[in-house]
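Undergrad: Chains as they are written, first to last, in the working numbering: chain A, 33 to 662; chain B, 5 to 646.
There may be inaccurate statements among the hints.
[Unchecked claim] Taking lysine-lysine pairs in the DSS-like style, the calculated list, with each CA pair at most 25 Å apart, reads:
| # | chain 1 | residue 1 | chain 2 | residue 2 |
| --- | --- | --- | --- | --- |
| 1 | B | Lys382 | B | Lys36 |
| 2 | A | Lys296 | A | Lys429 |
| 3 | B | Lys529 | B | Lys423 |
| 4 | B | Lys191 | A | Lys571 |
| 5 | B | Lys191 | A | Lys553 |
| 6 | B | Lys34 | B | Lys504 |
| 7 | B | Lys449 | B | Lys470 |
| 8 | B | Lys438 | B | Lys421 |
| 9 | A | Lys553 | B | Lys120 |
| 10 | A | Lys200 | A | Lys177 |
| 11 | B | Lys120 | A | Lys571 |
| 12 | A | Lys265 | A | Lys132 |
For the record, the hints were derived by calculation from the structure and aren't laboratory data.
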Amino acid sequence: MKKHFTLTLLAVGLVVFQVLAQTQVPLEDMSSFREQAGNWQIVGDVIMDRSLDIHHDAEPEPQKKKKKKKKKNSEEPKRKAVTFTPGTGILLNMNDDVVKDHLVTTWEHGDVELELDVMIPKGSNSGIYLQGRYEVQLLDSWGVKQPRYGDLGGIYRNWETEPSLMLKGVPPTSNPAKAPGLWQHMKIRFRAPRFDEGGNKVANARFDFVEINGVRVHNNVEVALPTGGPIAKEEVARGPLMIQGDHGPVAFKNIEYTPLEASKVTLTDLKYEVYEGSFQNLGEMTDLEPVASGEAEEIDILVIGEEDRYGIVYNGKINIPEDDEYTFRMGYTGGFRLSVDGRAISEVNSNAARSQPIETVSLKKGSYDFELANIKNAPWHQPRLGLFVNSPSTDVKTFHHYDSYPLSEDFVAPILVNPGDRPRILRAFVNHEGGEKLVHTVGVGHPQQVNFIYDQDRADWVAAWRGDFVDATPMWHSRGNGSFRPRGAALWNDLSFSFAELADANAAFPRPEEKGAYSQKGYQLDPATGMPVFKHHYKGVEVTDALSPDPEGRYLQRKLTFSQGGLLNWYVKLAAGDVEQMPDGSFAIADRSFYINVLSGGAARVREVDGMKELVLPISGAEVNYEIIW
Amino acid sequence: MNSMNLRKAVVGVLVCLFSLPVVYGQIHEKEKEFYRISTVPVPENIAMEVGGLALMQDGSMAVATRRGDVWIVSNPSLERGTPPVIQLFAQGLHEPLGLAYLGGDLYTAQRGELTKLSDTNGDRVADVYETVYSWPVSGHYHEYSFGPLITPDTSFFVTGNVAFGNEEWWRGESRVPWRGWIFKITKDRELEPWATGVRSPAGYGFINGELFYTDNQGDWIGSGGLWHVPKGAFMGHPAGLRWSQREESPVKISEEEFYTHLDKRQVRVNGAYVKPENVMNEENPAFLYQKKEVIPELQLPAVILPHGILGISNSEIIVDETGGVFGPFEGQVFIGDQGQSKIMRVDLEKINGQYQGVAFDFRSGFQSGVMRLEWDRKGHLFVGETNRGWGSAGTKNSGLQFVTWTGKMPFEMQTVKAKPDGFEVSFTMPVDKKSAEDLDSYVGKSYIYKYHAAYGSPQTNIEEVKLKGVKVSEDGMSVRIVADNLRQYHLHEFALQGIKSREGGEPLLHNFFYYTLNNIPQGDKLGMSELSTFRSSLVKKPAPKTTRRARSSRNSVLSDDEIQPLLAKNTCLACHMKDQQLVGPSYAAVAKRKYSNERIVELIYNPEPKNWPEYATPMAPMPQVPKEEALKIAAWINAIDD
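The shape of chain B in the complex, shown without the other chains (with noise of 0.2 Å):
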């Protein structure tokens, strides 16, 4: 019955370009047990709209805000109960998204430039605001630029979104050199071209001393996620493309070679152009993986961020070097998300000399839209946060938050790492191993992404994983899941609804996982004699006494626990419930209009937000749901009888 909580999925409401306030269940109830969110008082009348982080060398936390200052918060993990100190360091700049900290000085990507920003009277106050490297900007609003990021021989990475197009307004497009682009300021500040095909790359760090960026979903982004950049690289997104052929470009593909492999979908209707959308029960649809092939510098993700489950719109990316004082995910990578208020969790392992891995929920329940993350020396994460505008699952503008653990360990997957024949999971503490063994505690199924002009994808050719059986290692640790059909390139989402734990019979704080597949490993795999194939809902039981009508007897109406996963999967459980109005009408509340089970499935697929005048947040049309998945809903909603 739980299961309607396990997993917090946010649907984006992204029509176009506008995300709409969402909000968020109770999840962050549990998880405060083993990660607590603290906030910094800031004062009454500053907009801490939080653009970039930076811990000093004092220990205090500099922040850059969207309204162009510079904070020192002294103090800002609020030791011994104290109050922290918040100065003003600096003002006036361009919404800087970002903020490095380096030999004493301040370093912040504004919109056109790279600003160095010194104290040099020694009071505290920046008095010097030099400009590093000034580049070409049209003056579009989307163009925002992010960083920098100091590199090891401090240089400094920087990352610039695209434009959009006056008449074709959904179309990412680079009207100035390096837009869409990742560059490089080197120590003799000029200007290195590193990587293009990003549209907007708010986050980025370094993992294991490499550049990983992360993006949202978008024209040609199918979903957010986490890339890997090595120079020269094409994330996806053709603007940048425009300045590929340039002698100092280091991606090679023209923009002209590339729409001769995808189509620009760019057509005129009336006089007017028209805009690119899904094409539902496409024959031939593009994957990355595919134009890959024809494309060798395309980069694939190597971490999906399902859309509207792993946040909208991904930022910042930090990795958890704590030594353990921030819990038992040391080495691992953090990225926040700004639509969905909330932090995930990324485990990276490298196949075949490719990175790819696994995504879970972390922690939720910020105040506003999750921008930047930092660690202060005695590990805590700060958490920098504004919605700029965009809305978020937080419902305040902004926020400066931290994070600390409890130091109570929370029953979560530790990893999960892909064999020949499946996965291996990874707990943080013993796993009661009936439940474990039992398959029924196991669901996955597989998807991937279009790689097109329209924006987003809906997850496409989705399987349901076939479960052979599954190895719970002796100590309880770990779980090897062996399944038949594993998909190279492909998202597997596994919930591990029925795992508990040893002690206390706990099921997991977060039990989704989601492994994005590009490498199938080499090596052994287990035999069937190794494996546990016991489903729980095999062994004869007596029928079970539901107290809601229309089992599955009558009508072929699903039961609520079957509706469960139905309901998860398609993310309607991110606005609706049952019995209670959420960001959307209650189940029970659109069982009262009866309404056919058919006319249901059309609303489904195109929301008539009229019909509930009194709710803020119109429904976003869901066509990606299975028409007979759909039905199923339909009627099961007009099975509750209330």
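For reference, chain A alone in the conformation it holds in the complex (with noise of 0.2 Å):
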């Protein structure tokens, strides 16, 4: 049983500031690079056209990368596969066959958190070269179903040919990649090369981790030697971030870095009183004499010598090496409080929970004392107690022992669930974006590794991603809570009706708990394609509306019918966020995370309901045909 609580943030004494550790690459000038050819420069924002591609004869083969390539520039499309407007903040390359450098920080890192957005056209490659020498791909990979080292999140290889030089690629654990032309998020924990005194290496540089649109692609992953094209061949401790400008336009924005060091939080002067008794909640302990005390170097929960109907309280001094925000996260059983400068940082009032409970902080340097109060009564739970703490600029420092808190303490084997060779449905609640509950949900896994989730409350699709379909888990280990959670970058659409008579042009679509008229009917399958039509009833009128892949299990197309034509004053919310139509007539929403490409059924509007943008299509016939690109 989880507990929620919410933190109120510590206000007096422990005062919230600008966090320093991270550092935002400004974007306002190319101050922050070496000189370069002229391929690199800031603009205001750029357009990539996601139906061209930048080369008329595409390479798909990544192995080609680093070979010399005959470039075979010769027509000139009437639409350019990048356009860009002047201004600042996105940093763009357009190089040519001459005009083609690598982009080089003035800054060098060796620990390193880095984020970024990055956009990358048709048919573009690039690649970011932590400390100049170890690449991540970047590629146009959108769709690629078996992704290899040369794709999008890809760890690139070497070309060496002796076996001690050689170095092998590792491809990304899936491939999260979008659309050409929308904008995708990545973020990279970089652990540098060591080093002893005399210069010998003694720990390979490693990738703690590489996200890309919120999907874990690498997972402390080691790379014993520089990739292909490094800056230079030797490895050491702080090298210049390097973006490979060479293969390709590709824009980024939103580039930050975060150095990262060893935490430098201690715990001193630690002490620990034991109670016994049947604890219902934290407060009974303080009327007790304890049972037995001692000295502490560590947190330890075994020093209790009981299975249960225990309490223990640890009391001493946190030193906070400097200003920062720092992230405690707690596992234990029973009931906790932790408190600093005597205030509870994170507290679970129970004698019989479990739960890994994550609080974040701002906190000062100083010294300030640390309490943390543990109870258990409930003889089915094992004594578990430990503490994690890190800061931004600091990876996990643990200050427990071992056995206080197993690692493998919150790990079950996992219930994975995907297509055969014909769709997957499989209904089970779904957190929205990890937040609201979504009950009346389906969810459809495609052989073509395009999933979605329906929502029969909503008349609609709530989720959207590619890859593998579902982690059942949550609902089927012991005895579940009913949800499973997508395996792939989902996309979230809104939460309203998809489909509705309105009032006039500007009413808003309603939310399912004022449904009234609507009523859910299921679905069938397609005999052909086993995929599932939904179907409703609304205010006397029969609709379907069936998802499915593209033909290359790209993005997903929509079809509804109603089977009445003529109806007036009825609306197909498309999208909601802010929108841009582009070049090819498509739409993109909500700053370039996906597009909408009406097909048929009438022409597409923008309009704003309650300060909201929205757009919306006004149903002209019996059908409305449009895709959902991402």
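Got two chains here, each in a separate frame; can you build the complex from them with the hints?
TA: Shown next as structure tokens:
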């Protein structure tokens, strides 16, 4: 049973302030970068036409990437694949055969966490070299089913032939790549190689993780040698960031990096007192005499020597080395309270709970009173108590004995569900973007690895993603909670109704709780494809709703039919969020996180309801067809 | 001596919501002579966690699973020694916990809707998943929906579990309309609320054309049992009353009124809610029957299935309509239990217009929790099994099995009827008159369960039933038990420990009966002159030679024989044996620890599992064991000499 609780920010004494550890690379000018040939520049906006390849003879084989390529840039299309406007905030590469320098930062880094948004046009190719040496590949890998090391997020190989010098590439564990011209988010945590005093390498460089569009595609991957095309072959403790500039346009924004160091947070003067009793809550220890006490180097629940019906209170000093945001992650059974400077940072006042609460607080440099209280009166739980602390600039530091909170504690063998050669349908509860719980939801996994969740309460899709289908462990492990999780980078739709008769062109779409005249009728499987066709009844009209992947398995097509034509003031809500019309006629939604492309059924238009932009379509016939592309 | 095995009582180690795996004794080794369990071989990669069973027109068995699949099992009873064929009919359903067959289609209750599954193109694969009715759920894990049960007019009954509180995780609550209710989806696809007060209504069905359901021990439910559910009834759990004032509600009592009669026990201490616990030695505990005086809609259980004895999580109800193919219990009711992985047997009668009746153990030893029961046309009782993460005596997580009567007549109590002065027990075969006329062959007690906000109730107001005499019928097929102190509303538990069959002198296969005496019938009582009052224990006999030391002579330590009823009554034997490790350590092993008697009593009330790290299942606190009995048990343990 998870407890939810909110932490009111520590107001007095522990002041909220600007975190300095994280550095935003200013994209006002090029001053953060070394001189280059001019293919890199700062611009105000970039438009990438999703349907135009940057080459006319696109070379999809990434292996050819490092080889000399013949450019065949003969034809000049009317539309350009990449256009831009002057301004600041976006870093853009527009190379040609001659002007094609890599971009190298003026700053250098060792251990670092790097976060950025990247936009890649159709057919383009680039890469981010940590320390100028270890490349995470950037590629238009949209729709690739079995990604290789040369796809987006791959850790590239080198081209040595002598076995001891060869480096194998490591492909991303899945492909969360979005369609060309959309912003994609990357987060990389890199650990530099380590050297002894004699300069001999004692530990390889390592990617702690690489995340693309919120999906972890690498986890603790060592890189024994520099990848192909490094700034230099010898490995070093610090080096500049380098971005490849010779293989096509690419744009970046929101580049932020955080140098990482070992945590200097310490616990000192740590003492504990042990209590015995059938505690109901944490307050009951207050007036008791401890049955044991002692000094401790670290937190260790095993000092109690009891399985159950115990309480323990640790007291000491927590020494904060610098002003920063500190994240405290607890592991416990029973109930606990963690206090710093006399204030509860995290608390579950139970005697039988078990969870892993995480709380982040701003702390100023200094030494504070530290108190950790724990009780348990629940024989079915093992004694467990653990504390992990990290900050944006430090990795996690453990403050407990290994056995007090063993690593495997929170894992079970997962139950994963994938389609076979036919679509896999599975109903479950779904937490919409991890928040609101949707209950009449149907997951559909397609063999083409295009998946979506349909909410029958809204007659609309609510999530779409490519790759693996769902993790049903939360539903089927033990008694479960009835829910599953998408296994890819889910695109979440908003939560109003999908279609409605509106009082006027500016009326809001209803929410499910006001559904009234609407009723869901379930679904029928298309005999040819095995895909569900959802059915609804609304104001005397039978509506069918079919979503299916495009033939290449990259995006979704939606077809709505209405049993009557000539429906006056009936609208389909296509999307909510910022809307831009793109050169090819499609619409980019929500700061270019996906596209809507209307094929038939009416002319889409943008409107604003309650301060929120929407793309809507007045229904003109008995059928609406459009594409959802991400 | 073998009374140790006579009752298969598995203690409900239910602490809060958590049940723990329990181990069954050896009674199923005897049961299988009469009722054979066969396992339907299921392909290795199929998780057959059964939520629903429905016999299809062609004799196939449709099986809905918690994994959302519906399988069609052709030749499920392995006729002529041939294997079944198992094919996928439907998939992707949301934890369906029921299945019904009507007009060629299958109907199932998913968590959030009633669904009709139709094969419209004849390939025996569902292609239409039609929403018959979509009801609200909040998304809490415990909001299971069960059913449907198809009524004669082709409406559908569906039942819905309560959710639990966030901070008060022990308190059942109804977050959205009609959770904690039994409702009907009519032919016009309208929702018609039928009754509320249910907590975890996993099993329900028709008996004599009337709706009955089972519930599990929990908050407000002292013990599991079987309830009759007339329209507008209130079964006892207050969560669903939140919606009773809606226009369409047939239940009248409001939540506010309910809490004027019963203590909600919602208390905050030091900023946190305190979980209500059983109050030991409570002065004036509330009982259902008392509260029924002020809440007329409150429905008493027709048959209490004493928690930890006849199950810990009762499930499906099914009536024997096999015309004798399944043995001697035609017209009686079988009830499954998930946690104890067994099936109980119930026979009802109506006294003063109210249902009541008797319950027995019937068959144990299933491989997982018994969730669903369904007859095939040959009189096999199909058993759909899962433990759904709650643990079960059967150690597997799933199973599809069936029970066949071997044709051999078990020596059982056929039924028990209430009489103005006691009970009439009838048997499946004649009893040995001498043993049946001996009052020492019978031990009875009566008790009741509290009605309170705490999770479950101990047996309360326990009283020995004082026998006046017995009368054995001429043919030896029945016995009238006449007692002084029958108590209305109480559960009367009898062990017929000394009864033997006329042929072969066999003991009863199951020698306990549990009769819920909601009403004592009017009528003639037997005269004393008709009764046998013989007690073999009062006949002078040479002092028995005991091999055990510490007969009651010294220190008043009880003998092995004398301690057995105490161990059985307090459900100790579910987990402990004298010389063998079972769920917990043997008593001999406990004796070696050389605890004082007082310390053992302490440990009965507040076990310390850390003392026994090699045992996976921690012992549940047993505060309901009376102190004098606990002391006797402790003394007996300490007298064990190895």
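Undergrad: Against this structure, judge whether each hint is valid.
TA: Hint by hint, here is what the structure shows:
A C-alpha spacing of about 19 Å is found between lysine 382 of chain B and lysine 36 of chain B, which places the hinted pair at or below 25 Å, so the restraint holds. Using a Cα cut-off of 25 Å, the hinted pair lysine 296 of chain A and lysine 429 of chain A holds, with the two alpha carbons roughly 9 Å apart. A hinted pair counts as satisfied when its Cα atoms are at most 25 Å apart, and lysine 529 of chain B with lysine 423 of chain B qualifies at roughly 8 Å. Annotation: proposed proximity of lysine 191 of chain B to lysine 571 of chain A holds, straight-line Cα distance about 21 Å (limit 25 Å).
Between lysine 191 of chain B and lysine 553 of chain A the alpha-carbon distance is near 15 Å, which keeps this suggested pair within the 25 Å criterion. Distance restraint check for lysine 34 of chain B and lysine 504 of chain B: the Cα-Cα separation of roughly 16 Å lies within the 25 Å cut-off, and the hinted pair is therefore satisfied. Restraint check: the Cα-Cα separation between lysine 449 of chain B and lysine 470 of chain B comes to about 8 Å, which is no more than 25 Å; the hinted pair holds. At most 25 Å may separate the alpha-carbon atoms for a hinted pair to count; lysine 438 of chain B and lysine 421 of chain B meet this at roughly 22 Å.
For the proposed pair lysine 553 of chain A and lysine 120 of chain B, the alpha carbon gap of about 10 Å is at most 25 Å, so the pair holds. This hinted pair checks out: lysine 200 of chain A and lysine 177 of chain A have alpha carbons roughly 20 Å apart, not beyond 25 Å. Distance restraint check for lysine 120 of chain B and lysine 571 of chain A: the Cα-Cα separation of roughly 23 Å lies within the 25 Å cut-off, and the hinted pair is therefore satisfied. Only pairs whose Cα atoms come within 25 Å are accepted, and lysine 265 of chain A paired with lysine 132 of chain A is accepted, the gap being roughly 21 Å.
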